[in-house]
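One-letter residues, chain by chain:
Number of protein chains: 2
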Amino acid sequence: MPQLRQDLVTGRWVTIATERARRPSSFSRAPAVAVSPAATCPFCVGHEDMTPPEVLADRAPGTLPNAPGWEIRVVPNLYPAFGPPDREPVQARVGPYETMDGVGVHEVLISSPSHTDDFAQLPVEHIARIVRASIARYTAHAANPAIEYLLLINNHGKEAGASLEHPHSQLFGIPFVPPVVQEELEGSRRYRAAHRACVFCDMIAWEEQSGERVILTTDHFIAFAPFAARTPFESWIVPRRHAARFEMMSGPEQEDFARALHELIARLVAGLNDPPYNFYIHTAPVHSSPETDYHWHLELLPKLTIAAGFELGTGVMINVVTPESSAEFLRGVDLSAPGLTAATPTPH
Amino acid sequence: MPQLRQDLVTGRWVTIATERARRPSSFSRAPAVAVSPAATCPFCVGHEDMTPPEVLADRAPGTLPNAPGWEIRVVPNLYPAFGPPDREPVQARVGPYETMDGVGVHEVLISSPSHTDDFAQLPVEHIARIVRASIARYTAHAANPAIEYLLLINNHGKEAGASLEHPHSQLFGIPFVPPVVQEELEGSRRYRAAHRACVFCDMIAWEEQSGERVILTTDHFIAFAPFAARTPFESWIVPRRHAARFEMMSGPEQEDFARALHELIARLVAGLNDPPYNFYIHTAPVHSSPETDYHWHLELLPKLTIAAGFELGTGVMINVVTPESSAEFLRGVDLSAPGLTAATPTPH
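From first to last, the protein sequence lines are chains L and R.
The numbering of the first sequence is our numbering, which starts it at 1 and goes up by one.
The numbering of the second sequence is our numbering, which starts it at 1 and goes up by one.
With the rest of the complex left out, here is chain L (with noise of 0.2 Å):
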């Protein structure tokens, strides 16, 4: 019979259906698509005129804005879905309808040079500078009394959103706490308020002392598959730290978040055939207290299924493989077997 489980956090129930596996066309992977040819990408090296004027890049000593000589380049995307960010949201009404302007911060983190190489390939080291840079732009636009969330995210593939092929992250500042981050904080007081604890750190010590869901762990991170999974191989990394920020990370928490986080994606990688992907990291809102009862962390979904009108109806996700056997195959990846050596770290 399907099990339904309900999410810790907030309370949403999923519903586990693992007979419907069966059906052939759930795990179908499309072949690869190139995106975008390198010669036209606007992310390559040598076409940086081809977007906005650089915002911050990690870049060679003496080498000149917006020219060749970066690592990492963050550039506010050309198309916005919010913005600008210079002025108080304002708020209009439609007949019964509200409507605000859409300020806010749309920028994409370009990942490196490389056209091809993403967190699977990219060096551990070079990883914990994108992170470097991701913590820079939260913290540019922290101070922007007009933005009260920030969110980074990254999409992988083209079933998964992802127009240009170039990896890039992307982050969002938008003029309220979006609703899903809205229901993890309100279930982490809830939580509180009844266990005198914080739901996250509940969780790991249970993911911990049980096993069965744990992908990888590090010194200061955890990588698991939630108890109710939405999606297969769905993976959650969390600090073990209790802390409610993702941008108030010390410098080996860094290297070791870019650690965790090349590890997960080189095991989705090899053990997957490079899935399309989505995640995103979850912090407490931009003007919270310091006190905030949120624990951040980063949440990663394949693609591999398609969210249809019972999902759009009713807001449950059915979800066709345990988030224990997504574990343990992830696990059992072998990350230096001699067929998968695209999925392990190269020298950049």
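Since the hints were made in silico from the structure, they are not lab data.
There may be inaccurate statements among the hints.
[As the list claims (entries may be wrong)] Which stretches of chain R does chain L cover? Using the computed rule of at least three CB atoms under 8 Å from a CB of chain L, they are:
no., segment
1, 57-63
2, 90-100
3, 169-181
[Stated by the list, open to error] With the Cβ distance kept under 8 Å, some of the chain R side facing chain L (calculated, not the full set):
no., residue
4, Phe82
5, Trp206
6, Glu208
7, Met249
8, Pro252
9, Gln254
10, Leu312
11, Thr314
12, Met317
All residues carry an ideal CB built from backbone N, CA and C; glycine is no exception.
Keeping the supplied structure of chain L fixed, place chain R upon it in accordance with the hints.
Relative to the frame of chain L, chain R by itself:
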């Protein structure tokens, strides 16, 4: 500047960011793929033994169950996401987590003997018979104390999650009121408390008066693009008469609903080259009182864009087409144009 719009019922915000529509990938329409050839289709005439035994059929007098002679056939899903329905769901605890048996209903309603004709091609009278069969199955499950919510959905096209090409709908019966419906119920109550009126009735009145988002009207129904549309060409069909339940439609309303659904989908098919879409019917929960403050309706979302990391991480949709443009486009589709005969009603 992008505009944020608030859904009048749920209070959720949507970003309307039309500049992003310049991206050529925004409206990519993959060529239609035959997901399941008719020869091996379990829903085609003569293949009745490839499904579980039928639970309802609209069939010619004198024909035998699970044999040819049917116009519409309802069978249990071979790979159910919920079920069986015949007992109370047992709740259990795993460490800190809650689980519940996934009891419920998951049925397939095969639209017609045709492997290809869908709502745009089927005659209105046949669609009215589909509506009647759907209502019969709603009613059959409404007395089950284990079922709290019944949802009828339709997935059209592989990109929208249809794993079998032969047109069919699905009825889900689940042991709780799902969060998306809960939000609409709470929003309806909140609006009633503030305005002493039904939020959907007020919305219909405004949409008829303004006209700019109306797609079509019939005697008993109005179809419009909602003010806070989540996707390009999102369309709702709402009964003009305040009524909480889909399954309580009168005979003339059922026929008129079939007419509205046929025309809406014919406009989508003719105007957008048979796009993939999902639709579902939101009706009051099974065991709610007859006076429940709700107004049933159908929500249809074409799948022309991909919900990616931002949408997953926030619950906020980015829509690259205004609902005013969507409605104007769909109103303007010429259903009698010679090149579009496949999309207009054809004799069955």
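Hints, one by one, checked against the model:
1. 57-63: Result for this restraint: violated, n = 0.
2. 90-100: holds (count 7)
3. 169-181: holds (count 9)
4. Phe82: Cβ of phenylalanine 82 of chain R sits 6 Å from chain L, so the hint holds.
5. Trp206: Cβ of tryptophan 206 of chain R sits 5 Å from chain L, so the hint holds.
6. Glu208: violated (11 Å)
7. Met249: Violated, because the Cβ-Cβ distance from methionine 249 of chain R to chain L comes to roughly 19 Å (cut-off 8 Å).
8. Pro252: For proline 252 of chain R, the interface hint is violated, since the closest Cβ of chain L sits about 26 Å away, which is over 8 Å.
9. Gln254: violated (21 Å)
10. Leu312: It holds, given that the least Cβ distance between leucine 312 of chain R and chain L is near 6 Å, below 8 Å.
11. Thr314: Hint on threonine 314 of chain R: holds, closest Cβ of chain L at ~3 Å, below 8 Å.
12. Met317: violated (10 Å)
Hints 1, 6, 7, 8, 9, 12 from the earlier list are contradicted by this structure; the remaining hints agree with it.
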